[in-house]
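K.L.:
Turn these sequences into a full structure, and let the hints guide you.
There are 2 protein chains.
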Amino acid sequence: MAISAKMKNFVANGSMIRKMFEEGARLKALYGAEKVFDFSLGNPNVPPPDVFKTTLKAVVEADEPDLHSYMPNAGLPAARAAIAARLRAEQNVDVQAENVVVSCGAAGALNIVFKALLEPGDEVLVSAPYFVEYRFIADNHGGVLKVVPTKADFSLDLLALEAAMGPKTKIVLINTPNNPTGKIYSAESLKALAAAMKRRGREYDRSIYLVSDEPYRKLAYDGAEVASPLANCDDSIVVTSYSKELSLPGERIGFAAVNPAAEDAKDIVAALSLANRILGFVNAPSLMQKVIARLIDQEGQDRGLPACVDVSIYQRKRDILAHGLRAAGYEFFMPEGAFYLFPKIPVPEDEKFLDLLKEENILVVPGSGFGAPGYFRIAYCVDDATILGALPGFTRVIEKAKTLSKA
Amino acid sequence: MAISAKMKNFVANGSMIRKMFEEGARLKALYGAEKVFDFSLGNPNVPPPDVFKTTLKAVVEADEPDLHSYMPNAGLPAARAAIAARLRAEQNVDVQAENVVVSCGAAGALNIVFKALLEPGDEVLVSAPYFVEYRFIADNHGGVLKVVPTKADFSLDLLALEAAMGPKTKIVLINTPNNPTGKIYSAESLKALAAAMKRRGREYDRSIYLVSDEPYRKLAYDGAEVASPLANCDDSIVVTSYSKELSLPGERIGFAAVNPAAEDAKDIVAALSLANRILGFVNAPSLMQKVIARLIDQEGQDRGLPACVDVSIYQRKRDILAHGLRAAGYEFFMPEGAFYLFPKIPVPEDEKFLDLLKEENILVVPGSGFGAPGYFRIAYCVDDATILGALPGFTRVIEKAKTLSKA
Chain A
16 MAISAKMKNF VANGSMIRKM FEEGARLKAL YGAEKVFDFS LGNPNVPPPD
66 VFKTTLKAVV EADEPDLHSY MPNAGLPAAR AAIAARLRAE QNVDVQAENV
116 VVSCGAAGAL NIVFKALLEP GDEVLVSAPY FVEYRFIADN HGGVLKVVPT
166 KADFSLDLLA LEAAMGPKTK IVLINTPNNP TGKIYSAESL KALAAAMKRR
216 GREYDRSIYL VSDEPYRKLA YDGAEVASPL ANCDDSIVVT SYSKELSLPG
266 ERIGFAAVNP AAEDAKDIVA ALSLANRILG FVNAPSLMQK VIARLIDQEG
316 QDRGLPACVD VSIYQRKRDI LAHGLRAAGY EFFMPEGAFY LFPKIPVPED
366 EKFLDLLKEE NILVVPGSGF GAPGYFRIAY CVDDATILGA LPGFTRVIEK
416 AKTLSKA
Chain B
16 MAISAKMKNF VANGSMIRKM FEEGARLKAL YGAEKVFDFS LGNPNVPPPD
66 VFKTTLKAVV EADEPDLHSY MPNAGLPAAR AAIAARLRAE QNVDVQAENV
116 VVSCGAAGAL NIVFKALLEP GDEVLVSAPY FVEYRFIADN HGGVLKVVPT
166 KADFSLDLLA LEAAMGPKTK IVLINTPNNP TGKIYSAESL KALAAAMKRR
216 GREYDRSIYL VSDEPYRKLA YDGAEVASPL ANCDDSIVVT SYSKELSLPG
266 ERIGFAAVNP AAEDAKDIVA ALSLANRILG FVNAPSLMQK VIARLIDQEG
316 QDRGLPACVD VSIYQRKRDI LAHGLRAAGY EFFMPEGAFY LFPKIPVPED
366 EKFLDLLKEE NILVVPGSGF GAPGYFRIAY CVDDATILGA LPGFTRVIEK
416 AKTLSKA
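Those protein sequences? They're chains A and B, same order as listed.
Just so we're aligned, residue 16 is where the first sequence starts under our numbering, counting upward by one.
Just so we're aligned, residue 16 is where the second sequence starts under our numbering, counting upward by one.
These are computed hints drawn from the structure, not numbers from a lab.
Bear in mind that the values here come from a model prediction, so they are computed numbers and not experimental data.
Don't take each hint at face value.
A pair counts as met if it fits within one copy or between any two copies, since identical chains are not told apart.
[Claimed, not checked] Restricting the straight-line Cα-Cα distance to at most 30 angstroms, the calculated cross-link-like pairs of lysine-lysine (DSSO-like) are:
#1 Lys421 <-> Lys21
#2 Lys213 <-> Lys21
#3 Lys281 <-> Lys373
#4 Lys23 <-> Lys281
#5 Lys373 <-> Lys415
#6 Lys367 <-> Lys281
#7 Lys23 <-> Lys213
#8 Lys21 <-> Lys183
#9 Lys21 <-> Lys281
#10 Lys21 <-> Lys359
#11 Lys23 <-> Lys161
#12 Lys183 <-> Lys23
#13 Lys421 <-> Lys206
#14 Lys50 <-> Lys417
#15 Lys367 <-> Lys34
#16 Lys72 <-> Lys21
#17 Lys415 <-> Lys367
#18 Lys21 <-> Lys417
#19 Lys43 <-> Lys281
#20 Lys213 <-> Lys233
#21 Lys161 <-> Lys421
#22 Lys161 <-> Lys21
#23 Lys281 <-> Lys72
P.N.:
Here's what the structure looks like:
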């Protein structure tokens, strides 16, 4: 056998979303793209903001001699400084350039953080529903993902989390605003979580680090504030990307920022830089780093135009979808951020329900892929027409499902 | 302790080149940049070719809707097709788009290949002198680097390599043209290596894969041909990057290509794609993939202008340096490619010699960093002035070292 047994197993079983892709491609070929309602992937459909486009053009035109050159593994000093300024302004925490490592997106940042922190067998605690890749990323570096359900409203179950922290717990991983639920964790819950981590850390004589994966931070609705894990927990690391806020998922640009108040903050940054190199990222793409450095001024403010996609577009999409689903009788918590809606499957048979959706050419991801069977995820970062076109199908399916389920 | 014990050790000890950087920065601050002769890093100083620059501008100007979007983990179909066409033309092997995974540089490609192939404890066989990062990359994925010296002229020691292949050997890793020696491996030696791998593979009932790391393929001098590992070994995978041939080391763009004749070629590509995702690369940067796709036509030829840096510049630098070092009495094999020269340290005491170079503000990397004590590496991808300015120092040091050594 060529590939390792573990990878063989991953390839065979870890392809839930890939299967959705393929199913989508098959259906689109069969019925035409406009007849297929593909809500499977979190691929932003809102264009990057104008200020990004003009800055990219300006940087390419200027063609400075070191535009495409090697740099320190932690990133361009100007990019690190801009990111630190942004975090100081945004989260009211005294982050400096030296606390920042520019990364290949949030997935790259998570990999270097786990590589830096985890001993073999160490546990990463996460609340379900959770982003499916976390399990792979923990496993990449010898870690084990340990899953604790959230409360029914998708808020953190603090007692359950504290009870799950054991002598092997090294990281508590949160994702706020959450994929797939759209939940934002309150400042109070973050403070309480930090206190629980301290208590259990003392008990086991080790530091437990809070890792906050927050690529949807700027995608919050109805004026909701996204509480800062950095501001509420000393031993904390933020990982994020520009994929969603600037609609650049293909460019792989993001960062990890270590709380300057964290234990061994300096060692962690050194390890993150080394991990960036030896895991093969070497550094985040240089051209994008130059652009990022120019988008933010020294006070951490966007220069001129907002360096963010138009969030009101996503909020409108959420509202159209939520309104239609409620009218059809679906139950869900209104997402506070991100671009996912995570309704309950209205019957006990998940697969039967998902098959009915597929018969309507509606593609979603089953909640079981997020450690939450009984739910399904709708990624609503799609054209309004796709949302509007799918609502009659969603309505027919809930009625059909209830009839079938009773039969 | 925050970071893992292994990473703590890596950070403390794995920083030979970082120490050189810091020493370089210190010396430049002290004496002025023009008085310091920094040959420590393989950071190309020849600008990217014009055709790259104009294509990048054109792609940014065109601003297609999916320019920065997600894509399949293996890469943009157009980029995979262009890379396959290039390999067919360049190496006379029937590579198709489906055999190619676009990667974040060669370091990214090596990581996904090792992740895909290695079982815990599997061995990666490499010839010394070798690029120091290989050890980390093997270790990232549970592998163990096993080192076999080359012959005195830096050609492959085929008997020693075959003798070193055991029941745990999964990969034989070569780097041609070689960093740090500049050696190019002959077609005959590759054929013989492939035969040895087959023999030993049969003996242990497993396939051994040849992984060829070849980012310097286009940097070959005096018309030297770089034999194709793909053409000479069925179970083979090429990993490479555009960092050197297009002078883009900061952009992290390269690829892995699996020989279509390899056992389980299709499985390997599926595993590489998955590894690209879960290791956090997700996909190679999209903008650069669009550019790469446009540089090559369907016959695998450069469109119009050469899509490669001006190699004659590096050849001239090599010649100036080689001429000067020979005149001073240094012994070395003339590099056939890449941009490194790897002379013998002329006295038995490596450190004493390197200290003398440092006294002349000449920064090089000790051969011990490449598994080859008794040598040192000069990266001559620097201004001519740096080479010319350093030659008197090199001359003084060899005389001083011989005097001191006799004393």
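K.L.:
Decide, hint by hint, whether the structure agrees.
P.N.:
Status of the hints after comparison with the structure:
{"no.": "1", "hint": "Lys421 <-> Lys21", "in the structure": "neither (41 angstroms within a copy, 58 angstroms between copies)"}
{"no.": "2", "hint": "Lys213 <-> Lys21", "in the structure": "between (35 angstroms within a copy, 25 angstroms between copies)"}
{"no.": "3", "hint": "Lys281 <-> Lys373", "in the structure": "between (51 angstroms within a copy, 29 angstroms between copies)"}
{"no.": "4", "hint": "Lys23 <-> Lys281", "in the structure": "between (38 angstroms within a copy, 12 angstroms between copies)"}
{"no.": "5", "hint": "Lys373 <-> Lys415", "in the structure": "within (13 angstroms within a copy, 80 angstroms between copies)"}
{"no.": "6", "hint": "Lys367 <-> Lys281", "in the structure": "neither (52 angstroms within a copy, 33 angstroms between copies)"}
{"no.": "7", "hint": "Lys23 <-> Lys213", "in the structure": "between (39 angstroms within a copy, 23 angstroms between copies)"}
{"no.": "8", "hint": "Lys21 <-> Lys183", "in the structure": "both (23 angstroms within a copy, 17 angstroms between copies)"}
{"no.": "9", "hint": "Lys21 <-> Lys281", "in the structure": "between (34 angstroms within a copy, 17 angstroms between copies)"}
{"no.": "10", "hint": "Lys21 <-> Lys359", "in the structure": "neither (33 angstroms within a copy, 44 angstroms between copies)"}
{"no.": "11", "hint": "Lys23 <-> Lys161", "in the structure": "both (23 angstroms within a copy, 25 angstroms between copies)"}
{"no.": "12", "hint": "Lys183 <-> Lys23", "in the structure": "both (28 angstroms within a copy, 19 angstroms between copies)"}
{"no.": "13", "hint": "Lys421 <-> Lys206", "in the structure": "neither (45 angstroms within a copy, 68 angstroms between copies)"}
{"no.": "14", "hint": "Lys50 <-> Lys417", "in the structure": "within (25 angstroms within a copy, 81 angstroms between copies)"}
{"no.": "15", "hint": "Lys367 <-> Lys34", "in the structure": "within (17 angstroms within a copy, 61 angstroms between copies)"}
{"no.": "16", "hint": "Lys72 <-> Lys21", "in the structure": "neither (44 angstroms within a copy, 43 angstroms between copies)"}
{"no.": "17", "hint": "Lys415 <-> Lys367", "in the structure": "within (10 angstroms within a copy, 83 angstroms between copies)"}
{"no.": "18", "hint": "Lys21 <-> Lys417", "in the structure": "neither (40 angstroms within a copy, 55 angstroms between copies)"}
{"no.": "19", "hint": "Lys43 <-> Lys281", "in the structure": "between (51 angstroms within a copy, 25 angstroms between copies)"}
{"no.": "20", "hint": "Lys213 <-> Lys233", "in the structure": "within (29 angstroms within a copy, 55 angstroms between copies)"}
{"no.": "21", "hint": "Lys161 <-> Lys421", "in the structure": "neither (36 angstroms within a copy, 64 angstroms between copies)"}
{"no.": "22", "hint": "Lys161 <-> Lys21", "in the structure": "both (19 angstroms within a copy, 23 angstroms between copies)"}
{"no.": "23", "hint": "Lys281 <-> Lys72", "in the structure": "neither (36 angstroms within a copy, 39 angstroms between copies)"}
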